[in-house]
Every structure is written in structure tokens, then in C-alpha cells.
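Protein sequence lines correspond, in order, to chains P and W.
Here the first sequence is numbered in the working numbering, starting from 32 and rising by one per residue.
Here the second sequence is numbered in the working numbering, starting from 32 and rising by one per residue.
Any given hint could be a false lead.
Copies of the same chain are indistinguishable here, so a pair counts whether it falls within one copy or spans any two.
[Claimed, not checked] Derived DSS-like pairs (lysine-lysine); straight-line CA-CA distance at most 27 Å: (1) K169 to K260; (2) K169 to K688; (3) K432 to K604; (4) K53 to K446; (5) K484 to K145; (6) K393 to K53; (7) K169 to K61; (8) K627 to K432; (9) K720 to K670; (10) K203 to K627; (11) K115 to K484; (12) K351 to K627; (13) K673 to K86; (14) K446 to K61.
Simulated from the structure, these hints should not be mistaken for lab results.
Each chain, letter by letter, is given below.
Protein chains: 2
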Amino acid sequence: MNLDALFNAQSIAIVGASSREKTVGNDVVKNLSTQGYQGKIIPINPKIDELYGHKVYHDIADVDQSIDVVVIAIPAKFVPDVIKVAATKGAKAAVVISAGFKEIGNVELEEQLKDVCRKNDIALIGPNCLGVINAQNKMNASFASLMPEVGNIAFMSQSGALCTAVLDYADKMAIGFSKFVSIGNKADVDEVDMIRYLHTDPQTKVVALYVEQLSNAREIIDTLIELNKGDNPKPVVILKSGRTEAGAGAIASHTGSLSGGDSAYEALFAQAGIIRANTIEDLFNFAQIFCVNPQTQINKIVVLTNAGGPGVLTTDEVVKHGFEMAELSEETVRVMKEALPEAASTHNPVDVLGDARADRYKMALEAIIKDPAAEGIIVLLTPQSMTEIEETAQAIIDVTKDSQKPIVVSFMGQKSVHTGVEMLQAADIMTTTFPEPAAASLAALSNFSKWSKRPAGEALHFDDVDYDKVTQIFSKAKAEGRTSFPEALAMEIMEAYNFPLLKSVQAYSSHEAAQKCFELGGDEGKFAMKIVSNDILHKSDVGGVMLNVTTKDAAQKYDQMLMTVSEKKPEAKLDGVLLMEMAPEGGTEIILGVSKAPGLGTMIMFGLGGIYVEVLKDVDFAYAPLTRVDAMRMINGLKSSKIFEGVRGQQAVDKEKLVECIGRLSQLVTDFPEIIELDINPLLALPDKSIVLDARVVIE
Amino acid sequence: MNLDALFNAQSIAIVGASSREKTVGNDVVKNLSTQGYQGKIIPINPKIDELYGHKVYHDIADVDQSIDVVVIAIPAKFVPDVIKVAATKGAKAAVVISAGFKEIGNVELEEQLKDVCRKNDIALIGPNCLGVINAQNKMNASFASLMPEVGNIAFMSQSGALCTAVLDYADKMAIGFSKFVSIGNKADVDEVDMIRYLHTDPQTKVVALYVEQLSNAREIIDTLIELNKGDNPKPVVILKSGRTEAGAGAIASHTGSLSGGDSAYEALFAQAGIIRANTIEDLFNFAQIFCVNPQTQINKIVVLTNAGGPGVLTTDEVVKHGFEMAELSEETVRVMKEALPEAASTHNPVDVLGDARADRYKMALEAIIKDPAAEGIIVLLTPQSMTEIEETAQAIIDVTKDSQKPIVVSFMGQKSVHTGVEMLQAADIMTTTFPEPAAASLAALSNFSKWSKRPAGEALHFDDVDYDKVTQIFSKAKAEGRTSFPEALAMEIMEAYNFPLLKSVQAYSSHEAAQKCFELGGDEGKFAMKIVSNDILHKSDVGGVMLNVTTKDAAQKYDQMLMTVSEKKPEAKLDGVLLMEMAPEGGTEIILGVSKAPGLGTMIMFGLGGIYVEVLKDVDFAYAPLTRVDAMRMINGLKSSKIFEGVRGQQAVDKEKLVECIGRLSQLVTDFPEIIELDINPLLALPDKSIVLDARVVIE
């Protein structure tokens with residue numbers, strides 16, 4: 032997609048270059064000219080001749096050299112034509128800073144722009160963006176004035192203004208970047224294209240994004256699974272705004288795009304292994320830990336501190352993020368006990384006490400790092416008068432130099448600890464001002480490893496489904512102009528895809544009724560008996576429904592029902608009765624359905640049924656088609672998932688049977704994208720099976 | 032309690048003063064001597080004669096002048112005797128830095144210390160603490176080396192080491208303090224004493240605490256309600272560690288104290304109007320907003336920004352914290368529309384666009400601040416090249432100068448925005464580095480106002496209870512050595528306190544059975560019939576339980592039951608039958624009970640019953656006795672509280688009837704503190720009543 036040509040441009044033309052300071056057209060030329068970029072800079076402006084030492088061309092058509100990248104900051108309507116000309120000069124990429132496209136309703140102009148770029152094989156960044164920075168070759172093709180330090184985070188943002196704030200913040204916080212991209216309206220190049228490119232970029236270890244809206248969940252999931260299944264998994268960390276309805280409304284009004292609700296994004300992130308950050312600070316904490324620590328799955332953490340209180344706060348955070356506090360080996364405890372004062376705590380959290388100098392930290396950390404129980408380590412320090420800030424930082428650097436164990440260090444405070452913090456940062460050790468974000472960052476690291484190393488698996492697939500039957504049902508309905516399939520019709524579709532249903536059978540005589548009951552349920556069988564007739568709409572009104580019919584009295588009840596119905600509805604033609612097993616007592620009511628996320632795709636919904644659906648809204652989502660892992664994540668992800676394990680004497684539910692139902696639904700909606708609504712409600716989850724009791728389907 | 036004498040000491044003796052640098056005994060004398068303290072400094076050390084220009088006494092007994100405060104940093108066992116001598120010199124307060132008391136198991140020595148202080152009317156801070164700082168008179172009687180800026184936050188910490196970290200942090204973050212106290216083991220002076228004192232301190236606007244464990248919830252609640260009901264409410268913000276079991280374990284091991292679980296603290300904070308912070312940063316954000324903004328209840332917030340993305344992130348946070356995004360008036364929108372470029376958003380979040388200079392901010396903020404819909408305001412700024420940082424800061428200062436509306440400003444970034452941030456801080460405008468904490472801080476401000484202005488109300492009390500009856504029941508049981516009251520016995524207690532129960536009555540003949548049934552339930556009554564006999568343990572085994580007995584067949588069933596039981600158990604003496612209403616169908620099962628929080632007190636527990644108790648753990652707690660407000664908070668605080676409003680055709684529950692049950696239980700456990708366990712399970716909540724179906728009670 033020419034993104035390599037973009038980031039490694041040998042020559043950049045700036046259309047809309049300006050000599051007036053503090054304008055976009057001036058900033059871009061200044062940033063390219065003054066921050067170390069070595070390529071050719073070709074400003075274009077009809078009225079001036081020279082800018083920051085570069086010859087200014089009056090028209091892009093006049094340029095007598097080759098242009099790799101064109102940066103455009105002129106009114107929107109002129110942009111497509113400029114790109115056409117740039118293409119003739121060899122341009123492979125365009126960065127369109129100009130606003131005035133889709134975001135203010137000019138959808139057509141944006142389409143035209145896309146078209147021109149596509150026809151001319153030009154990768155387009157923007158429009159309506161801040162520009163692009165490559166920290167490695169010092170190419171600041173943006174109007175943000177700061178060149179970030181070189182580092183391993185590639186940052187992309189759908190908000191240009193956030194870029195400048197982040198650069199301003201990063202400058203003080205020792206956060207380094209590989210690439211820095213304001214992605215704007217992403218008319219052409221979007222996050223997925225960029226992630227694909229960055230995956231090949233050796234300088235980039237992690238991709239951090241600020242996102243307001245994404246498209247095509249399936250493509251994102253498949254791309255990230257594909258890219259990350261090898262030896263070179265590269266995490267993507269996302270700060271997604273619009274969690275709330277009000278936030279989503281604000282996005283729609285400033286981007287001109289509608290998008291799915293937050294649960295649609297949660298599902299996407301879970302399936303694609305994307306790490307979600309909830310704040311700007313978390314975004315960079317999570318990104319940074321991947322720059323300095325190896326990707327590892329960890330479960331147990333040791334906290335080393337010179338202060339009890341912060342040790343407890345950190346313990347809380349460790350547990351909150353799903354880790355355990357490691358139990359140190361007897362040997363580790365013995366070694367520490369020998370060297371530490373009696374009041375010290377040699378159990379995790381290890382407290383070397385407020386008067387600890389560097390030697391105590393060094394000894395304790397050496398012991399801990401050798402202990403296999405310590406999979407991850409958090410070191411805390413509070414500055415007491417005897418605390419040796421720099422010596423302790425050096426001790427930590429020395430001890431951890433050859434270790435592969437993830438470590439986060441929090442030297443708490445500012446004024447007196449900052450020299451130590453800078454030493455740690457220079458040695459590529461992750462630091463946080465306060466201890467709270469340390470555990471969250473380790474969780475991000477470990478969770479991504481777990482995701483990338485999990486068996487991804489194939490989409491759930493069943494051979495015993497009757498695709499043709501459903502095709503027929505839908506064709507017939509379409510021909511008749513019907514789109515909605517209530518109860519009975521929906522159950523036919525369920526049957527075709529072999530969902531577990533209550534067994535039912537038709538009988539045409541009292542003798543047959545008794546025989547069929549015996550076949551279905553033996554001597555002790557219990558059934559619902561329903562009259563079958565095309566002429567009867569409300570069966571129960573005419574005595575056409577009986578519950579708890581037993582095998583023994585089935586024959587008698589058959590005769591009784593036919594007589595009653597004939598009396599009440601003499602004109603109706605009767606086709607015998609339907610005998611259906613009674614639904615088992617007990618069990619847990621589940622709701623299983625389909626939900627369409629605008630712009631993102633079709634999701635399977637799985638949740639707690641009954642009256643608690645509304646009250647607790649305990650539902651999970653995943654994009655179809657689903658793997659077994661996806662299905663299990665939905666089942667175990669419910670807040671009330673413990674109910675499946677068996678509570679209060681209730682037996683545990685067979686989760687494999689739930690997986691099967693989820694899988695069949697996933698296959699059905701993948702086979703028939705015309706399904707826009709489908710609810711199985713309830714799906715009854717039992718110890719030995721799960722049964723569809725009712726369903727409804729709507730197609731386009 | 033002599034705390035005024037402590038903070039305004041005219042003379043301070045330091046026992047354990049040392050000439051060796053970087054020791055506690057040296058630090059305290061140095062800090063007092065070099066940071067501006069104007070009182071007399073009296074170091075005590077047997078071996079030296081002079082320290083930091085002060086005469087050193089070899090023994091406290093030798094001191095020939097009056098001592099207001101004694102600071103002690105010598106081995107624990109010598110401390111009580113030193114205090115005795117200090118008392119003879121006039122000491123009103125002692126700050127015991129020495130460790131080696133309760134925290135390492137020396138409970139007796141700590142008791143002895145307490146005793147000495149009490150007998151000599153000495154207020155004791157510590158032991159095992161860092162010391163005390165009064166920023167106003169520059170008295171740093173601690174071994175933390177930094178003197179904080181003077182401000183309006185009183186900070187207290189149960190972790191001494193956290194104090195030094197906070198001072199180090201505050202020094203860079205322009206956080207000012209009134210008093211700064213390391214409270215240590217709080218053998219004598221505890222948080223409540225200190226809060227009571229600080230309430231009278233004009234310099235203190237807010238009290239911020241780091242806490243590991245508290246005692247006596249009722250005293251804390253009553254004190255804070257009492258202190259804050261006047262015109263001078265002073266918020267308390269707490270960072271409480273030990274949220275998790277592992278964290279609580281770590282606390283127990285380093286303080287030597289057990290404490291209640293986190294839900295016990297949540298209940299305490301809710302009832303006492305304490306604002307809970309979850310991180311150190313939040314603790315100071317929440318404290319700071321009270322220093323610079325008036326206490327006001329707000330519901331609607333306006334966000335003003337020059338960047339769409341941060342505007343959306345902030346919108347999310349605003350909604351997440353329970354606020355609404357204010358809808359601006361037509362007039363406000365009109366005024367802004369006239370002055371802003373077309374692409375700007377004049378609806379909330381108001382976006383003055385990336386190229387906004389100070390004038391746009393000024394105009395928009397003027398319009399917004401006049402609009403009654405804007406109850407609180409968050410202003411965001413990202414630094415673009417044309418952004419006027421200082422001019423915009425000045426504009427914000429000018430426009431908000433005379434406004435009483437709470438405002439938080441986030442100039443996002445560091446390097447280029449810091450001059451503006453400093454101007455804002457100097458003008459007492461609350462700032463945050465990123466926008467996320469702004470809404471949370473405004474929520475802290477508003478929630479405290481709501482709490483302090485709420486009608487507090489009296490404890491729920493009912494006159495129709497039979498106190499004597501329960502006294503008798505308990506006396507009898509105690510005499511018999513019984514402590515546990517299962518089902519039937521517990522229901523007697525419930526009846527005495529007039530809880531709504533199913534009606535029941537005894538009948539001694541078939542005729543009487545029919546008559547009583549009619550009296551209880553008319554012709555359509557349905558009952559459970561149970562044999563009454565002291566000789567029968569398992570009634571149902573001998574045919575002594577019948578369900579769904581109707582008024583019509585009651586006489587016949589009576590005869591039938593007496594015959595069956597007589598046949599099966601001929602030796603038993605029968606006392607007729609108990610007729611009890613059948614429990615109504617439907618309704619919501621509630622669990623209502625008593626829970627003891629170690630060290631904190633007796634809580635009422637209210638939660639969702641049935642199988643979801645275990646799965647969802649949806650329960651609330653409150654300390655007895657409860658007011659109506661407390662009871663409603665519990666009911667409406669459940670995650671599933673929506674169920675009481677009526678869902679899926681189920682009728683709404685009468686919450687007043689729930690309040691009544693909660694109130695009766697609160698009264699019962701307050702009247703009888705010997706009750707250590709009590710569960711009403713289930714309490715059946717119905718549209719017109721709530722009924723106790725079963726209960727169990729355990730006394731000490």
C-alpha cells in the first residue's frame with residue numbers, strides 16, 4: 032500500500048506552504064526543515080519564492096523533480112486535482128491535512144478524493160488530519176511542532192488534537208515513538224492497513240491507538256489473528272471513546288459516522304486480542320510495558336517495598352487484575368530473613384522497611400528474582416531520609432539486567448526520586464509514578480501473551496445441518512413477502528440446523544398416540560398434546576392443548592381432544608395431534624441471539640434469561656463465525672457464570688452443550704447473512720443438555 | 032484533647048535527638064531548626080551538648096523550661112517513663128515516633144503507653160509514626176524532610192512511608208497542606224479525634240486520609256453527621272487499602288489488627304458521607320477540588336474544548352460519574368454561533384476548534400457561564416501551534432473570577448502547557464493533566480454536597496414491638512444454655528417485633544379447623560396444615576404435614592391427619608394442628624440479615640435472595656440503627672434494584688414495606704446486641720407487602 036514510501040519519503044512536496052507563521056502551511060514546512068529530515072523539501076505556493084531555505088514552486092505542475100509524498104493543506108475542493116498532478120510526478124502517498132470532507136457532510140468530495148488516489152495508486156492519509164511523523168528519519172510531515180524521541184511505540188489517532196497533547200506529554204515522560212500518525216477521516220488508509228504495515232516495521236514493538244469508530248470487525252479480528260500467530264506477535268492497545276450513549280452521540284456529530292455500542296467494541300477487542308485502555312495514561316502505560324518487558328504469561332507476582340501501606344495498595348491492585356500474590360519458597364524466605372532486620376516482612380509483599388538502603392533492595396531482589404514462584408515483580412520505593420535513590424535504582428538495574436521476568440518499578444514521589452526514575456527509564460525498566468498502574472500494566476502484558484499463545488481454533492462447524500431446507504424456507508418466505516418467522520416457523524429453522532429441541536411427533540389415531548408416546552418417553556413419559564389443524568388459530572380456546580398427558584392416558588386424551596375440538600369447531604379439518612415432550616423442570620434460562628453492530632458486523636449474543644435479562648443485562652457478545660474458544664469466553668464471561676457450575680444443590684450445566692448451541696447459531700447466521708434478528712429465548716440449560724424452547728427469526 | 036497545643040506548640044523537646052545525619056533523631060531536630068519554626072527547640076541526648084545551634088539537655092528531667100510537646104525517638108520500652116517526666120514539665124502532647132509496640136505484638140507496652148498519656152492528660156500521636164507537620168507555623172516535627180506549601184488540605188496517613196512519598200509528589204504538583212499527620216498505631220489520638228479538631232481549624236477545608244483499618248463505625252458515622260450538619264461541612268476523602276482479601280491479610284500482618292471486609296467499609300463510607308478515592312492520585316484530585324470550588328450539588332455539566340476527541344472522552348467520563356451533559360439554551364447557542372467558525376460545535380461538548388485562540392475560549396466560556404443549564408464546567412485545551420496557552424489561561428481566570436460554578440480545567444500535555452497550568456493553579460482553579468479525572472472530581476464535590484444537605488432523619492423506630500417478650504425468650508434460652516434459634520423459635524422473635532408473617536392459628540378440632548380457616552382466608556383460603564405435638568420431630572414422616580388444604584376440606588383433612596398420625600405414632604400426645612396461610616406465588620426473594628464487621632460494628636445486610644445470592648452476591652450493608660434514608664439506599668443500591676420497579680409484567684414492589692422490615696430488624700439488633708447472627712431468608716417482597724417466610728437467629 033505504499034506505506035513504506037510514505038514513511039521513507041526521499042522528497043516531500045507541501046501544497047499550501049505558507050510564509051505566515053502559526054499556520055498549518057507554515058508549520059509543516061518548518062517542521063520538515065528544522066527537525067533533521069534529510070530528504071528533499073518542495074514547498075508549493077503561487078505567491079512566494081523561498082521558504083526556510085527551500086525554493087518554492089508556484090504550482091505543483093512546475094515541479095521539475097520527483098515527488099514521493101505530497102502533503103496538502105489547501106481548501107478541500109482543490110485537493111483531488113492536486114493529487115492527480117502529484118501522481119504524474121511520481122507520488123506514492125498523499126497526506127491530506129485539509130478539512131471539509133465527510134466530517135462536515137461532504138461525502139461526495141471524499142469519495143472523489145478516494146477515487147483519485149485509488150486510480151493513481153496513491154496511499155492516502157486523511158483527509159482532515161494533522162499529518163505523519165517518522166521519528167527514525169526525523170520526518171515531521173505534520174503541523175505538530177514537537178519531534179518525539181525515537182522509541183518503539185507506533186501511535187495512531189483519530190483525533191488530531193490529541194496527537195499534539197500526547198507529543199507534549201511524551202516529551203516530559205520519556206515516551207518514545209517509532210511512527211506517529213494522525214489518521215483523520217481514514218478515507219483510504221485505515222487502522223488495519225497501518226497495523227499490517229507496522230507489523231513489518233522492526234522499530235515498532237507495540238501499536239497504540241486512539242479510536243472513535245472502527246469498521247468491519249471480522250476483518251480486524253482475522254487480520255490480528257493472522258499477524259499474531261507467528262513468532263512476532265505485536266500487541267495493539269486502544270483507547271476507544273464513546274463508551275456511553277452521550278459520548279457516541281458526540282462522535283457521530285463530529286465524524287459523521289454511526290457506530291456500534293460499547294459492547295460491540297468489547298466483543299471486538301476480546302476476539303482480536305486488542306488491549307483496551309480506559310484513560311490516556313493507561314494507553315501509554317500499557318504501550319510502554321511492551322517496549323521494555325518480554326511478552327510472557329504470568330500468574331504470580333511479588334511486591335518488594337520499603338513501605339507497608341503502598342505494599343498493601345499494590346497487593347489490592349495485583350489481585351484486582353487477576354493475579355495471585357506469589358508464595359515465596361522457603362529458601363528465598365530464609366535468605367532474606369538472614370539479611371533483613373527482624374521487623375521486616377519476608378513474605379509477599381516483602382517489606383525491607385523504611386530505613387532500607389540500596390543493599391537491602393539488592394539482596395532481596397536477588398533472592399526474589401531467583402525464585403520460580405516470582406513470575407512478575409513490582410518494586411516500590413518511598414523516599415525516606417536514609418533512602419539511597421540512585422544506588423537503589425542502580426541495584427535494580429544490575430540485578431534485573433539478565434532477567435526475563437517482567438518488572439515494574441514505582442519510585443513514589445517526584446522531587447527527590449526523579450534522578451532514580453530517569454536512570455531506570457534509561458535502562459529500559461518500566462516505571463510508574465504511583466504503584467496503582469503497575470499491576471494493570473503487567474496484566475496487559477500477560478493477557479496479550481495468553482491471547483497470542485492460545486489455540487485459536489477453527490470456526491465451529493457441524494456437518495449435520497440441512498442448509499437446503501433453510502434455503503427453501505427463506506426462499507418461500509421471500510416469494511410470499513414474509514420476513515418474520517414466529518415460534519413454530521422459527522422452530523423449523525432450528526430443527527434444520529439440528530438444535531436440540533423437545534422431541535415431538537404427530538399422531539393420527541388414539542392407538543398411534545399411545546404408541547408414539549411410548550416410543551418417545553417410555554411408560555413414564557409426559558407430553559403436551561396439541562391439535563393439528565390449518566383451520567385453527569388459537570388452539571387452547573377450542574380445547575386443543577393439553578399438558579401433562581402421560582403415555583398411559585394418551586389414547587384416552589386423544590379421543591377426548593378430538594371430540595371437544597370437533598364440537599367447538601365443527602368446520603375445522605383436523606390432522607391428528609402433535610405430541611411434544613414436556614420441558615424439564617429446573618434448569619437455567621438462557622437467551623441466545625443475534626445482534627447487528629452498525630458498521631462492525633453480526634454478533635452472537637449469549638446471556639442470562641428470565642426476568643434477570645432486563646434487570647442485570649448480563650450478556651456477552653462475539654462476532655460470527657465463532658470458535659470454541661470464543662464460545663467458552665462468552666459462557667464464562669457472564670457475571671453470573673458461576674450458576675453453570677452448580678449452586679445451592681443445583682447440578683452443574685454441561686457447557687459443551689451450550690457451546691454446541693452457540694456454534695450452530697454461529698453457523699446458521701454465517702450461512703444466511705439475511706438473518707437480521709434471531710432470538711432463542713429461552714434456551715434451557717440443563718446438566719445433560721441444552722434445549723431450545725422458543726425462538727423467533729427475522730430476515731431482511 | 033490538647034490537639035491545639037500540639038499544632039501550636041511554643042516549645043518542643045526531642046528525646047532521642049542525634050548528631051548522626053540521616054537518622055530519625057537528627058532529622059526531626061534538623062527539620063524543626065531549618066524550616067522556619069519559631070518556637071523553642073529542646074533536644075535531649077545524654078552524650079552531646081549542642082545540635083543545630085540548640086543547647087542539648089542530657090536528660091529530659093534536666094530541662095529547666097516548660098515543654099509543650101515531646102517528640103520521642105528512643106527504644107520503645109523507655110517511652111512511657113519519658114512521658115511521665117515530660118508531663119511534669121507541662122507537656123500537653125507527645126509524638127511517639129518509636130516503633131516496637133502493637134505492630135510487632137507488644138500489645139501490653141502499647142497499653143501501658145496509652146495509660147501513662149491518659150493519666151497525665153497528654154494527647155498521644157503514634158506510636159510507630161513519622162511525626163506531625165503544621166505548614167502554617169512551619170513546624171516540622173517529623174523525620175520527613177520536605178515542608179509542604181501552605182494549603183487547605185489536612186492529610187493524615189496510617190502509613191508513614193506514604194507521607195514522605197506524598198510530600199515529595201506534592202512539592203511538584205502545587206498541592207498545599209494545612210496539617211500533615213502520620214497517625215501511626217493511633218493508640219490514643221485516632222482519625223475521628225483528629226477530624227473533630229480539624230473541623231474547627233479555619234485553615235483546613237478538606238481532610239484527606241490514607242487508612243488501613245478503622246474502628247467503631249457508629250462513632251464515625253455519628254461524628255461526621257453531627258459535624259457536617261451545620262453551615263460548615265468539611266469533607267473527608269479516604270484512600271482505604273485492603274480492598275481484597277490478600278490486601279487485608281497484608282494489613283493484618285503489618286498492623287497487628289483484624290478488620291472488616293471491604294463491604295463493611297463501603298457501608299461506613301456511604302453512611303458517614305465519606306468520599307472514597309481508589310488511587311493516590313484520586314485522593315489528591317478529590318481533596319483539591321474542595322479547596323478551590325464551592326460545595327455545590329450539580330447535575331449537568333458543559334464541556335468546552337478545542338479538540339473533538341478529548342471532548343468525547345470527557346463526555347464519557349461525565350456520564351459515567353452520574354452527570355448529564357447540559358443542554359445549552361438557544362440564546363447561548365446563538366451567541367456562540369455568531370462568533371465561532373461554521374465547523375465549530377455549539378452544542379455540548381462545545382468545540383471551538385483546534386485553531387482557537389484565547390478570544391474564542393473567552394467568548395464561549397462567557398456565554399456558557401451565564402447559562403443556567405451549565406451547573407459545572409470542564410474546559411479542555413490541546414496545544415496547537417496557534418493556541419495561546421497563557422492568554423487562554425488568563426481568559427479562563429478572568430471569566431470565572433466571580434462565578435460560583437465549579438470548574439475544572441485540563442490543559443493537556445506538559446512541556447508547552449505548563450505555564451498556563453501554573454497560572455490557573457495560582458488563581459485557585461482546579462487543573463488535571465488529562466481530562467479523565469475532571470468528572471470524577473466534580474462528582475466527589477457534588478456527592479458530598481448532596482450528602483451533607485440531605486435530610487439525615489432519625490433511626491427507624493416502631494412502638495408496636497414486644498421488647499419484653501424477646502427478653503424472656505433470650506433469658507430462657509440463656510438459662511438453658513441454648514444460643515441458636517432455628518425456624519419456629521426464630522419466628523416467635525419475628526412475631527414479637529411485629530414483622531409481617533404468614534398468618535397461622537392453632538385448631539383443636541375438625542370443626543374449629545374449618546372455622547379458623549374461614550376466619551383467616553374466607554371460603555377460598557388455602558393453608559398448610561401441620562400436626563402439633565412435642566413428641567414428634569419429623570412431622571412429614573408421620574403424615575403430619577399437608578399443603579393446599581382449603582377452607583372447604585379443612586375439617587375432613589383434620590380428621591384424616593389425626594387418624595394417620597395416631598396410627599403411625601400411637602404413643603404421641605397430639606395438640607391439634609397448626610394452620611398456616613400458603614405463601615403467595617410470585618414475588619421476589621430477598622435475604623435480610625445481620626452481619627458483624629470485626630472492630631466496626633453490627634450491619635444490616637439486604638440483598639437479592641434465591642440462587643442468585645451466591646452467584647451475584649448482590650447485597651448492601653448499613654450499620655444499625657438505620658434511618659429511612661439508609662434503608663432506601665440499601666434497597667436502591669442493589670445492582671438488581673430495577674426488579675423492584677416491576678419488570679416483564681411483574682408488578683412493582685412496595686418499597687415502604689421493605690423499609691419497614693429493614694427498620695424492624697435494625698431496632699431488634701440494636702435492642703439486643705447479643706444477636707450475633709440473624710437471617711431472614713427468604714423475605715418475600717410483593718406488590719402490597721413483604722413477608723418473612725423463614726428466619727434463624729443465633730445469640731452470644
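> Can you list which hints this structure breaks, lowest number first?
Replying inline: Hints 1, 2, 3, 5, 8, 10, 11, 13 contradicted; others consistent.
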